[in-house]
Every structure is written in C-alpha cells, then in structure tokens.
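Heads up: the sequence lines are chains A and B, in that order. So the first sequence is numbered by our numbering: it starts at 1 and just counts up by one. So the second sequence is numbered by our numbering: it starts at 1 and just counts up by one.
A portion of the hints provided could be inaccurate.
[To be verified] Pulled a few chain B residues facing chain A out of the computed Cβ check, cut under 7 Å:
(1) 142
(2) 185
(3) 234
(4) 238
(5) 249
(6) 251
(7) 252
(8) 253
No lab work stands behind these hints, which were simulated from the structure alone. Each residue gets a CB set at the ideal place from its N, CA and C atoms; glycine is no exception.
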Amino acid sequence: MSKILEVKNLQFSYEKETPVIKDVSFDVEEGSYVCLIGHNGSGKSTLAKILAGLLSDWEGSVKVFGLEVNRDNIREIRSKLGLVFQNPDNQFVGSTVRDDMAFGLENRRIPTEEMDGIINKYAGEAGMIQFLDSSPENLSGGQKQRVAIAGILAINPDLIIYDEATSMLDPSGKKDILSLTLKLKEENPRLTVFSITHDVEEAWRADKVIVFNHGEIVLEGTPTEVFSHTKELQEIRLEAPFIISLINALRKQGIDIPDSIKTEEELEDFLCR
Amino acid sequence: MASFALGKYIPYKTPIHRMDPRVKVLGMIFLMVAVFFSYSTFSMTFSVMGAIALFIIVIMIISKTSFLKLLRSLKSLWFMIIFLLIIYVVVPKNDVTEMHVAFAIKGYNFYWESFLDAARILLRLVLMIGLSMVLTATTSPLDLTYALEWYMTPLKVIGFPAHIIAMTISLALRFIPTILEDVNRIMKAQTSRGVDFEHGGFGKKIKAIISLIIPLFVSAFIRSDELANAMECRGYDPNGKRTKYRKMHFKWSDALALVVVAAILGGCIYMKVINFDLFNILLGEGAVL
Ligand SMILES: Nc1ncnc2c1ncn2[C@@H]1O[C@H](COP(=O)(O)OP(=O)(O)O)[C@@H](O)[C@H]1O
Ligand SMILES: [Mg+2]
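So that you can see chain B by itself, here it is in the shape it has in the complex (with noise of 0.2 Å):
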C-alpha cells in the first residue's frame, strides 16, 4: 500500500489513543497555533519552542508514535527544507542595519539572525508534522472522521449536510485499499498487453497513464453504483435519522488534557501580548539576542 505523508493510524492503546478525537483535534490546532508564535526575542521563541518540543516528545513517547517515521516523513521533505532555509539564510527578511553579522563572504554579509530564522521556521515545520504524526497514528481515520463531523455540527441550522460529507469521507477512507488494489490488477493486466509504465517518453507515459485511468474510473464507477444499491437496500436513507454505534466519550481525563493544552496556549498568547521576556528580567536589558 502507498504510505501517506503523515502516516497511518497505528492501533496501540495508549491513554493518547484512548482520548476523545474530538479534543485530539482540538488540542492539535491548539498546540499548532502556540508553535506559530514568535516573541519578543530569539532567545524566548526558542526558549518557549523548545518547551513545547518537550511536551510533544512526551506526547510522542507516552503515544508510541515512532520518532523514526518522523525524520523519515522529513527526509521525503528534504529538498523542499533545504531550498527554504538557503532563502531564509541568503535573504535577510528585515532591516539589516539592526542585524548581527555572523560572517561576510566577498563582501556579501550573513546575519545571525538570518540562521535563527531558519532554524524557527525548520523546528516548526518539524513540531507540526511531530503533532498531526500524533493525530493520525493514535486517531483512526473513522474517529477523526467523527470528529469533524461533530465539530461541523452547528453548520447543520444554515443547512450543510455534515452526516453525508462525514459519510462520504468514511466511504472514500474505506475503498481506498480497494481502489488502490485495483490499480495493480490494472497495471498489471495492462503491462501483460504490452503497456510500459515504466520507460518510454512524454507522451508514451501519458498514453500508458490513460490506458490505467480509463479501466480505473469504470471499475470506480460501477462500485459507486453498486455500492448505492446494497446501501440503499441495507435501509440508508441519508436524510433520515439515524442511531450511532461510536459514540464519542467525553471523560474526566480529555477535559483535563484540555485544560493542560488550553493554559499553554493561553500562556503563549499572554506572553505574546505583554511582550514578555524572560531573560532581560533575569539577565539584564540587551543581555541576549
């Protein structure tokens, strides 16, 4: 099966796993907003950031998400790192003249400040894919599903069918193992009459890609169809009310995690607002960066 960029849902029982997704997706937007702020200084950011590194790592052990699938979902990133952080380095993004020179090659100068940029911006991108890893390894995509389905709740009064995009995304979740499979039947029955998917030039690949695409959406097509049937036939009426067999359960603990999650965004925000500063209170006026 094709892995996916973030991951799939691993099924461990861990407390994280047995959260309530709905506070899952909730304390992810959460603690994804608190990594987006930048302070005062350089030193705080950090400083902040790397507290909340903390946290997810704990997150991360106490879920038996795997650290290694985290810096292989980076390597598949890479290229895209690298380009970023040779921007960041080459082009200072705010007023030179109040920068630090770290050294000059040619004249040429480099700031300081252009590095811790780039190091900001890389821990980011590293702390959100660390979170949503979390989300989808401990949250399966039903619950997820779910999920946003109760949060997309309210919107039912203006009239947007939340229970049928929830059971659209729940029907595309799961055929895609089927379509998936039927791509290989495919290609291999194709590759059997001669098609190359492999060599051959431009518009030989696009006449390979068709002769896959074709078979694939009439095949997709006719499950649709029949899928309609057994499921009308199984009583589905999508207007119609129905009962639920996965009921979300708010317990003591998700309120708890809420709470935690919660204070260190409004902590972040705080922090942000007063402009605080940690180490010009301990350290004296213009002690650090």
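Excised from the complex, chain A in its bound form (with noise of 0.2 Å):
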C-alpha cells in the first residue's frame, strides 16, 4: 500500500516565538479512513492549510500523493484533493448548487459540454440531485456540506480531507454526512479520508486515530488502543465515545468483551447470547 500522506518533522507559526505545530510526523496510507481529535486552538487547521498548500515557511516535509507540497507540485495535488472546511456558507462560491458544482470543473477546464453529465452524476451521489437549481440560502447546512462534497467527488478525488465539516451541523445532520462518507469510501475503497472532528462517534468508526493537542500528537493508533487510554484523555479533557465508556465499565464488572465489538448492536448481541 502507498502511503498519501506523510509528513515529518513539521514545524509551523503564524507568529514568531509561538509555535502553533511542534514537530509532527505521522503517515496516512492509500484508502484508509484516519480522523484527528483535538481541542480548540490545538493547531488542526493549520494542519489541513498545510496540507492542501494555502500556507507556507513551515519547516520540516510534507508530501502529499508522494509529491512535496510546493509551489511546483501544488495544481497537481489539488486536483487530487477536495477540502471541506466547517463553515457551509463560506466554501458555497456558486449561486445555486448547479453553479456550484462547476466552479471547479471550470477551474479545471473540464469541458462544457462534459459538465451537466458530471454535475448530475455526483449530485445524484450526495442525494441533492433535486436540489441542483436551489440557491444557498433556501439549503440547511447539512445539504450545503452535500453540495461541498459533491463538489469534490466531482473532480475523482484520491483524498478528502474534512476540517470539522460537520461541527457546526445539527445532530441528523452529522450523521447524515457521515453515513455518506462511508458509503463513498464503500464504493472506492481507494478513497482515503482524513476527517479533522469533534466527533468521538465517528472517531471510533476510522481505522486510525491521531490525538493532536498544543501543536503535538499525544495519542496514535486503532480506535481501540487510542481510546483505552481514557486517563490521558480525560487530562486533555477528551472523552470517549460512550460504546467505549461502557465496555470498559462492563469489563470492571468482569465480563469478558472482545475487541471486535464496535457498535451498540454488535454489544446487545454479543451480551444477548
């Protein structure tokens, strides 16, 4: 497998003397679904930004499809590359979803004639094929983080990376992206997702976990290694998902829970039987 991201030794500030990324190195391989947990202000933006080239003067390396981020490299990555950031208003440059959607097929010079058959596609992938004529305003966020992704599965992305993209989404609206963002990585299993979040929920569900806080990764590995850790989590004042809290809770009480079991219906009927 050919790792997608892989970034060493990174070092990052805005200003002087205030380091907001201190020497991080981790690795994302091909297809996989890696989420990175952290609190406010722990530097997970910035590590997007650097990701997809809108910063630079960081030190250390960072390469993306095996390509260094620069100057030279940076069209090709992007279009590889889709971001979804956590505000659904400020990414919606088109006037309606339609216009939207091939703003980046302009961009990348996708041919007229070529886009209504790609606009409908992947429009029709993220469920808002009815809304293609809609304007922003008459959209909730859940549907306009949709029109985002569209967007993205648009151009045949190799990576998505998602900046809190569902943080400022209610609660049907949360699952609602998440539960397409597995259905994509379903249908290609080459799609790698790198999901900055709030969301131990879906933390659980990714194959790797990176705990970020002050600019350092704390924690690294499986769902189950990371989140058993519950007392480092608890000094950085992260909390575990709740399937966690209670597995570990019925492990005190003795009973003897494989490591398999990762959602609620699989516990009830393990404890069921």
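From these two lone chains plus the hints, build me the complex, please.
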C-alpha cells in the first residue's frame, strides 16, 4: 500500500516565538479513514491548510500523494484533493448548487459539454440531485456540506480532508454526512479520508485516530488502542465514545468483551447470546 | 430580505427570459436613449414616447413583469417626483415670451409648456424604471454579470481584468443574502444585550449602529478569508484559463429582437435629425403645440 500523506518533523508558527505545530510526524495509508481529534486551538485547521498548500514557510517535510507540497506541485496535488471546511456558507461559491459544482470543473478546464453529465452524476451520488437549482439560502447546513462533497467528488479525488465539516450541523446533519462518507468509501476503496473532528463517535469508526494537543501528537493508533487511554484523554479533556465507556465499565464488572465489538448493536447481540 | 429599488429576478419561462442577456442589456440601452430624445414639437415627442411606451408595455406583458411592482417602485419615489414636477411647473425653462399661458394666480403666469415639460419628465422616468425592471426581472444577476463581462472583454487588451471583476460581482451577489442574515443575527444578539436600534437620540443611534457594523465587518472578513481558501483549494486561479459552464447563446430570435430595437432607435434618431413633424404634414403649419 502506498502512502497518501507523509508528514515528517513538521513545525509551523504564524508569529515567531509561538509555534502552532511543534514537530509533528505521521503517515496516512492509501484507502484508510483517519480521524484527527483535539481541542480548539490545538492547530488542527493549521495542519489541514498546510496539507492543502494554503500556507507557506513551514519547517519539515510534507508529502501528499508522494509529492512534496510546494509551488510546483500544488496544482497537481489539488487536482486530486478535496477539502471540506467547517462553515458551509463560506465555501459555497456559486449562486445555485449547479453553479457551485461547476465552479470546480471550470477551474479544472473541463469542457462545457461534459459538465452537466458530471454534475448530475455526482449530485445524485451526494443525494442533492433534486436541489440542483436551489440557491444556498434555501439549503440547510447539512445540504450545503453535501454540495461541497459533491463538488469534490466531481473532480474524482483520491483524498478528501474534512476540517470539522460537521461541527456546525445538527445531529441528523452529522449522521447524514458520516453515512455519506462511509458509503463513498465503500464504493471506492482507494479513497482516503482524513477527517478532523470533534465527534468521537466518528473517530470510533475510523481505521486510525490521531489525538492532537497544543500542536503535538499525544496519541496515535487504532480507535480501540487510543480510546483505551482513558486517563490521558481525560487529562486533555476529551471524552471516549459512549460505547467505549460502556465496554470498559462492563469489563470492570468482570464481563469479557472481545475487541472486535464496535457498535452498540454488536454489543447487544453479544450480551444477549 | 430587503427589496431592491428595481425589483428582483423572477424566474418565469417567457421568451424575454430566454433572450441572450447581452441583447437585453444592449436593447435596454437603445430604448433608454430613444426615450430620452425630444422632438420638434410636444405632440411629436409625446406621440413617439407613447409608441415606445406601448412597445414597453407589450414587453412587460410578454415577460410577465408586474405593473403593480412598477407602481410600487414609483410610490417609493413620490417625494422626488412631486418635487421635480413643482420645480418644472413653477420655474419655466425656456423663453417665456414664446410660451402659452395656461392660467395665472395673482399675476404669476403658469404655462402650458411647463406642464408638458413636467409630464415628459415623468413619462421618461416611468419608462426608464419600467425598462430596468424588465431587465432585472427577466435576467438573473449572474447572467447580467456575464453580459457585462462580455461587453468588457475587449478592454482585456489594455489589461482591464474583466473576468476578475465579473467573479467579484458574482461573489458579491452570492453573499448579499448571507450578509443580510448576519445583519439580522447581530441585531438580534445586540438587542438581547440591551442595544436599542429603534429609539433614542442621534448619539445613541450611532452607538447602536457601531455595535452592528463592527461585528458585521469582523464576520465579513472571516467569511472572505475562508472563501478565498476554499476557492484556492478548488483550483481557482484568477489569471489562469478557465472553461465556462454557462455559455450565452446568440439565437436568431435575439438577432431579430436586436434589429427591431435598433430600428426603433434609428427611426428616433432620424426623426430628430430631420426635425420631422408628422402633424405639420397632416394638419398644416402650427395646428398643434
Ligand atoms: N491566521 C492566523 N494568524 C495567526 N494565528 C492564527 C491564525 N489562524 C490560527 N491561529 C492560531 O493558531 C492556533 C491554532 O489554530 P487552529 O489551527 O485554527 O486550531 P484548531 O483548528 O485546532 O481549532 C490558535 O492559537 C490560533 O489562534
Ligand atoms: Mg479548526
């Protein structure tokens, strides 16, 4: 398997003397779903911006798709990378869903005749086909994020980065986007998702979880590994998902629960057996 | 949402809506120029303007532009209109000795010509508002932007960034509702903190407005920063080559419309240049004003 992201000894500061990212190294494998969690102000968005080439003057090495992130490569990297930001309004460029999706295609010089086909296909995939002519004022936050995702799908990406894409949405909007992402990953196993999130339930479903605090990685591993460090997580005031707390509590009671159990349904099945 | 002076785009599907926006813009300019001419006599002027008015009314009917809205937008201008009319009627424009007295109040003469002048101005105003209403009601702001960009394209030769200006305008249009939402939200938030936007003296009002303006600017700057990031991420390069999703199509019907409007303007110019007077020919010298 090849590496989609390779970050080595990354350091960055907006203003001198106040480092926002201090010596961060990690890899992301092709086709994996990686969640980055951490507190507000811990430098997560800064990291996402560096990956997308929106900042400059960092120290260390950042490679996306095996290409060093720099002026010469950024166009090629961005042609296969999609970034969904937190605020649904501020990334909606077009006056309708259709125009917004077309914006990315225009930038990538897709011929006009091919655009409608592409727009219909990916709006359908993101479940927004009946809203193609709606303007952003008439869409919910979740629908706008779906449009952002559809716009990214339209360029056939290898990597999608979410920067707290669901944190401004209501619970049903959150669920909606999460299940859409899981569906997309199922359909295209090569798609890599790097999701910055506050949602521990989402992190629980990931292949790998990275915990960030004050610009440093404090924990890294599978969800089961990471969330077993309840004490460290509590120190930086992050809560483990409900299911983990439940399993831990049950284990304390002497019930042996295998690591393979991931969801409440599975736990229910196991306990009822 | 705040209503704009000239009305909003109403997405019907009429032939006028389907017209090439470039033709609509040019056609409107042609008709506005035609409306602005005065001819040899008042009767000529009013006849020609009446004919153009009829033409505009037909266009408004075809394009389903509401006459009610036209009246409403006039209503918001009533103060200016009355002021204008009074000025015209009280202060004669031309040489008084050649004018016809309508009546006199306490020795002060009022002239027929003054009333006609005022009526002419009023008619012009109504026709201009009607024309711009047809344009804005039948053309989406985005299409208008594209049309303006197309007309500005030749200026690219001298380095004028027509495409960047068009993108800026379309982004501004896109964000008007979002910013208005911000205004509402901030006003509510500040009201709940005790700011009173409706009552109080001048000083208090200024303070209230500042409590709105500053957060509004902060929010707008954050929005534009994030928008710039999002656009860059999605591959936007202001100076790079881009394809176009919405292409404008110049159809035969557009050519026909353009010919009709150009003929109207041409006829008007011709009548003005030769000082044409239909009534003089039909009824003889000096039969009407
Ligand atoms: N444009 C900027 N200029 C200066 N400081 C910034 C800028 N953006 C973020 N910061 C600072 O960098 C730190 C990390 O911010 P950010 O990456 O947005 O964190 P997170 O996304 O984890 O909440 C914060 O202390 C923030 O104040
Ligand atoms: Mg952030």
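**Prompt:** Close enough to count: is the Cβ of residue 253/B nearer than 7 Å to one in chain A?
**Reply:** Violated - the Cβ of residue 253/B stays beyond 7 Å from chain A, reaching only about 22 Å at its closest.
**Message:** Next item in the hint list is residue 185/B. Is there a CB on chain A closer than 7 Å to its CB?
**Reply:** violated, 12 Å
**Prompt:** Hey, does the residue 249/B contact hint survive, CB to chain A under 7 Å?
**Reply:** This hint is violated: residue 249/B lies away from chain A, its Cβ roughly 12 Å from the closest one there, beyond 7 Å.
**Prompt:** Holds or violated: is the Cβ of residue 234/B closer than 7 Å to a Cβ in chain A?
**Reply:** holds, 5 Å
**Message:** Quick check on the hint: residue 251/B CB to chain A CB, less than 7 Å?
**Reply:** Where the cut-off is 7 Å and the nearest Cβ of chain A is about 17 Å from residue 251/B, the hint is violated.
**Message:** Less than 7 Å between beta-carbons is the criterion; does residue 252/B satisfy it with respect to chain A?
**Reply:** Status violated, d = 21 Å.
**Message:** Is the interface hint satisfied for residue 238/B? The criterion is a beta-carbon contact with chain A at less than 7 Å.
**Reply:** With Cβ-Cβ at 10 Å, over 7 Å, it is violated.
**Prompt:** Given residue 142/B was flagged as interface, is its beta-carbon under 7 Å from a beta-carbon of chain A?
**Reply:** Residue 142/B check passes; min Cβ-Cβ to chain A is 5 Å, inside 7 Å.
Going through the hint list in order, the structure does not satisfy hints 2, 4, 5, 6, 7 and 8.
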